[in-house]
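J.: Spelled out from the first residue to the last, the chains are:
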Amino acid sequence: MTHPRATPAASTDSTQQAPSTGTHTGQTVPATGLTTAPSLADLRRHLTTQLDPAARTWLEHALDEAAAHPGVHGPISPWELRLAEAGRRCGAAHADAARVLILDAARAGTDALTRVYFQGTADERRAVLHALPHLVPGPGALPLVEDALRTNDTRLLTAAVGPYAARHLAAHDWRHAVLKCLFTGVPVEHVADLGRRAHGDGELARMLGDYAAERTAAGRPVPEDLYRVLDLTEPVPPTAGPADPHGKES
Amino acid sequence: MRIFDPHIHMTSRTTDDYEAMYAAGVRAVVEPSFWLGQPRTSPASFRDYFDSLLGWEPFRAAQYGIAHHCTIALNPKEANDPRCAPVLDELPRYLVKDNVVAVGEVGYDSMTPAEDTALATQLQLAADHGLPALVHTPHRDKLAGLRRTLDAVRESALPPERVLVDHLNETTVKEAKDSGCWLGFSVYPDTKMDEERMVAILRAYGTEQILVNSAADWGRSDPLKTRKVGDLMLAEGFGEDDVDQVLWRNPVAFYGLSGRLNLDVTGTAATHEGNSILRGVPKDPHEPDPAPTAPARLPGTEA
Ligand SMILES: [Zn+2]
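For the protein sequence lines, the chains are A and B, in the order given.
Count the first sequence with the UniProt record's numbering and you get residues 1 to 250, in order.
Count the second sequence with the UniProt record's numbering and you get residues 1 to 303, in order.
The hints are simulated quantities; they were obtained by calculation from the structure and are not laboratory data.
Any given hint could be a false lead.
Computed beta-carbon distance windows for the label pairs [what the hints assert, rightly or not]:
#: 1; chain 1: A; residue 1: 173; chain 2: B; residue 2: 171; range: 56 to 64 Å
#: 2; chain 1: B; residue 1: 151; chain 2: A; residue 2: 61; range: 38 to 46 Å
#: 3; chain 1: B; residue 1: 42; chain 2: A; residue 2: 75; range: 14 to 22 Å
#: 4; chain 1: A; residue 1: 220; chain 2: B; residue 2: 175; range: 44 to 52 Å
#: 5; chain 1: B; residue 1: 262; chain 2: A; residue 2: 228; range: 31 to 39 Å
#: 6; chain 1: A; residue 1: 150; chain 2: B; residue 2: 42; range: 21 to 29 Å
#: 7; chain 1: B; residue 1: 25; chain 2: A; residue 2: 42; range: 16 to 24 Å
Some but not every residue of chain B turned toward chain A, in silico, with C-beta under 10 Å [to be verified]:
#: 8; residue: 19
#: 9; residue: 62
#: 10; residue: 92
#: 11; residue: 98
#: 12; residue: 258
The structure presented is a predicted model; accordingly, all values stated were derived computationally and were not measured.
In this text, a Cβ means the ideal position worked out from N, Cα and C, and glycines have one as well.
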């Protein structure tokens, strides 16, 4: 596979300044490609129509039980048991959604989510990551995202770069998450709010350019997704302010 | 030839092995918890190991088109170390996990009182969690070890048809079969069983309730021994159906007793149906998942 853009758009040459306007979290930037995650009600509706009767009954019971007895009860709370067995009860295809609903029903906060994440299988950890944007308003659960981003499990990485990371992950960590997606083959379409966060990010543009140069030097193809993200880093020409060379370490 | 290796320690194997196993017909494995060569010194070390069997290893296997399940236990060797034994208290929270299809490897190593306790405790845990048990038989003093193992099984709440007695050979197969347990044979390059002796046992005892494994680990071992047994069975006059029973249907039936065996390899694609709803793109439920014809490769060491 040879990409038509064989020459990286940005080079490692420091004299060639990549466009940089800074992208502090919370800075007002055009919301391009904002991801809308499904609501918990959407998930519930989806499962109600998709699950077979036995699994639906099991899930309804599990949700009622979690709602009635949230919190910690004994070594393993009943809702944590339901969380563990959701895969074999609902089928692998529906396990993530079922687990997110159980976590919501149990009103799991940061502490409970942290416990079940670190005591969970990869599948349970993935479900916790999917639940974060629904259940944790602040940045308190970021250590879970950071843990997932340290793995090489692409299913965890994919879940980690969802809306919660888009909302809370610091610029440096977020850029490395994007780069890790490119390294491990996670399609960047899974990176929530990619357009908004990449917009005008000169440091990300530099990192992408360096990576492209490294790939090219090694005689390896540059991932298509790299150019996709690189395009998103460009500030909109008519409205962009003057490039700020000191704004890259946002 | 479809192959289910019911006992293999993939943690100790390379991606080349996964690739060769897939090419040989291996589509499913069970990785029993065991010791790692270097003795552990704390329950924390077990937790990381169990987490790996429930996280990273199934992910690695899926990339090569192989379904990976595991069995969880405190192994007999380390049951003798008082620093490790407290992990017994933590097993219940692992035994409820989806990918755990048995308690194991339990059994005897040196036949000590600590091993008696660990074995009895864990057979009870299997009964409590609706799981079968994979029972390792000792390599030293084997026949006496088998008898003591079968006594422990008889005294437990677990019926023999939910127990797989492993590492059997010519001297132990008869009594193990008479017990009603499932019969496991590990085919190794130098020790345990070899292909010729395995085929002779199949001829003498039939193909019912017999499982053949490579038990490949960090020692001198061969993850393709299952295939080699299948090939020799065919060369020696067994039919395709006999081979399928021993190398696929028997392990599926035994570990299927857990109710947790899932032989669909969902692969590593982040786009598989299960996740699409969570990303807000509900996929047509009738649209088949893009099943890779050749298994995908690990992204490489650069990641
Ligand atoms: Zn073993």
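J.: With reference to the structure, classify each hint as holding or not holding.
T.: Here is how each hint holds up against the structure:
Separation of residue 173 of chain A from residue 171 of chain B is about 59 Å and conforms to the stated range, judged on CB atoms against 56 to 64 Å. Our hint of 38 to 46 Å for residue 151 of chain B and residue 61 of chain A holds, since their Cβ atoms are close to 41 Å apart. About 19 Å separates the C-beta atoms of residue 42 of chain B and residue 75 of chain A, a value consistent with the hinted range of 14 to 22 Å. The hinted window of 44 to 52 Å between residue 220 of chain A and residue 175 of chain B is violated, with their beta carbons roughly 59 Å apart.
Distance hint check: the CB atoms of residue 262 of chain B and residue 228 of chain A are about 35 Å apart, consistent with the given range 31 to 39 Å. Against the hinted window of 21 to 29 Å, the Cβ-Cβ separation of residue 150 of chain A and residue 42 of chain B comes to about 22 Å, which satisfies the hint. Restraint check, residue 25 of chain B to residue 42 of chain A: a C-beta distance of roughly 42 Å breaks the suggested window 16 to 24 Å. About 18 Å separates the beta-carbon of residue 19 of chain B from the nearest beta-carbon of chain A, more than 10 Å, and the hint is not met.
With a least beta-carbon distance of about 9 Å to chain A, the hint placing residue 62 of chain B at the interface is held under the 10 Å criterion. The interface hint given for residue 92 of chain B holds, since its Cβ lies 7 Å from the closest Cβ of chain A, which is under the 10 Å cut-off. The closest approach between the C-beta of residue 98 of chain B and any C-beta of chain A is roughly 4 Å, which is under the 10 Å cut-off, so the hint is satisfied. Satisfaction of the interface hint for residue 258 of chain B is found here, the shortest Cβ-Cβ separation to chain A being roughly 9 Å, below the 10 Å cut-off.
Of the hints listed earlier, those the structure fails to meet are numbers 4, 7 and 8, in rising order.
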